[in-house]
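Q: Residue-level listing of the chains:
Protein chains: 2
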Amino acid sequence: MNFSSKLIEQSVEAFASLPGIGRKTALRLTLHLVGKSPETSEQFAEAITNMRRRIQHCTICHNLSDEPICQVCADKRRDRSLVCVVESIRDVMAIEDTSQYRGLYHVLGGLINPLEGIGPGELTIDSLLHRVASQKATDGEIREIILAISPTIEGDTTMFYITKKLKDSPVSVSSIARGVSFGGELEYADEVTLGRSIVARVPYRLNND
Amino acid sequence: MNFSSKLIEQSVEAFASLPGIGRKTALRLTLHLVGKSPETSEQFAEAITNMRRRIQHCTICHNLSDEPICQVCADKRRDRSLVCVVESIRDVMAIEDTSQYRGLYHVLGGLINPLEGIGPGELTIDSLLHRVASQKATDGEIREIILAISPTIEGDTTMFYITKKLKDSPVSVSSIARGVSFGGELEYADEVTLGRSIVARVPYRLNND
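Sequences listed follow chains A and H, in order. At position 64 of the first sequence the residue is numbered 64 (the numbering used here), and the sequence of numbers has no breaks. At position 137 of the second sequence the residue is numbered 1137 (the numbering used here), and the sequence of numbers has no breaks.
By construction, these hints were calculated from the structure, which means they are not laboratory data. Accuracy of the hints is not assured; some may be wrong.
What the hints assert, rightly or not - What the simulated footprint calls covered on chain A by chain H, stretch by stretch (three residues with Cβ under 8 Å from a Cβ of chain H suffice, anywhere in the stretch; the number is not a length):
| id | region |
| --- | --- |
| 1 | 7 to 13 |
| 2 | 51 to 59 |
| 3 | 111 to 122 |
| 4 | 149 to 163 |
| 5 | 181 to 188 |
Said to hold, decoys possible - Below, in silico cross-link-like pairs of lysine to aspartate or glutamate (DMTMM-like), each with a Cα-Cα straight-line distance of 20 Å or less:
| id | chain 1 | residue 1 | chain 2 | residue 2 |
| --- | --- | --- | --- | --- |
| 6 | H | K1164 | H | E1096 |
| 7 | H | K1036 | A | E46 |
| 8 | H | K1024 | H | E1039 |
| 9 | H | K1167 | H | E1187 |
| 10 | H | K1024 | A | E67 |
| 11 | A | K24 | H | D1156 |
| 12 | A | K6 | H | D1097 |
| 13 | A | K6 | H | E1141 |
| 14 | H | K1036 | A | E141 |
| 15 | H | K1006 | A | E67 |
As the list claims (entries may be wrong) - Stretches of chain H that chain A covers, calculated by requiring three or more beta carbons in the stretch to come under 8 Å of a beta carbon on chain A:
| id | region |
| --- | --- |
| 16 | 1006 to 1014 |
| 17 | 1017 to 1030 |
| 18 | 1066 to 1072 |
| 19 | 1172 to 1183 |
| 20 | 1192 to 1200 |
It should be emphasised that the depicted structure is a prediction, and the values quoted were computed from it without experimental measurement. All C-beta atoms in this analysis are idealised placements derived from N, C-alpha and C, irrespective of residue type, glycine included.
Model the full structure from these sequences, guided by the hints.
A: Okay, here's the thing in structure tokens:
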């Protein structure tokens, strides 16, 4: 691409350094900002630098947070006996969007992946074990750890590791239910999901049971 | 989407205000920046605010430029007798990328579109006419105006308007060639292009003519 302006080129390079944004899109975004007032660009830049400068990880659950303790951990109305263990903040948001879960979280920050050099030490597993062990410190007794982790090789390894570490602890460890999705047609479900959902069948209960 | 952090939310809103970026993509970009150093975000923001604060329109051709006169207009080696009239800076870049044109440009900043309230007054047509009329001021005699404008209803209107305004001027007005693209198969060309390319046929010349 042939830029007649160094300033435009620098802005395009900046946008194109973001994942999934190519140079054509970067140029479109740059020209969009040129078409708006300078204040619009200032506000845009301010929101991003401000976020990056002030964002921190919650000291309890490692979720991204504005304060040393995140909104979820600080919320006294939430059920402090449940801790849902997830890979990333994206998973926290997905679960929060369902409005079905009122417990706390623990964000691992990744999954055990020896091929990429990510061992348990790189994740927040020690922090989770410490959280379970020092119950008094987190005001409230953790009774159940819910593993909401993808059943990939890395996910299975991570779940296996955490479960093994918690074997002698009094908390129970559960995993989210997997099977054919609600409203999903059997013929369109993938073979592994359908096969496992038959093996892991549950007793059928009437709604008014 | 349920954000546990106001800072993340503000950054996502900022990205999502750009065209073609939804909230999911905005979150991905935000989390990408969280994973990088604060300096990366500062530099990203700096490139954009710096660009927006300092960018200006060339006083001669209205192209975006770092200086009052853009690189193309300032380049003494370019052919100052040719002026290519285009809709936007994107078209300038597309033509520059071909390396086939060594003349100057004139960026209209849009096309005449009465439905959206864009008349000739909103565009830089007066500036173009002035450029042609006051030849001395632009050091060099403009001999030809090349219209490189899309043949849409708005484009045709704009070309018609400019041509009519330049009727009594000594400059000749041309339009870029249109037809079946080089290397294009006839059967895949659209009907309008193919039809017009037959009507507007040109004498066949051997290469060594």
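Q: Run the structure past the numbered hints and jot down the numbers of the failing ones, going up.
A: Going through the list in order, the structure violates hints 3, 4, 5, 6, 8, 9, 10, 11, 13, 14, 19 and 20 and respects the others.
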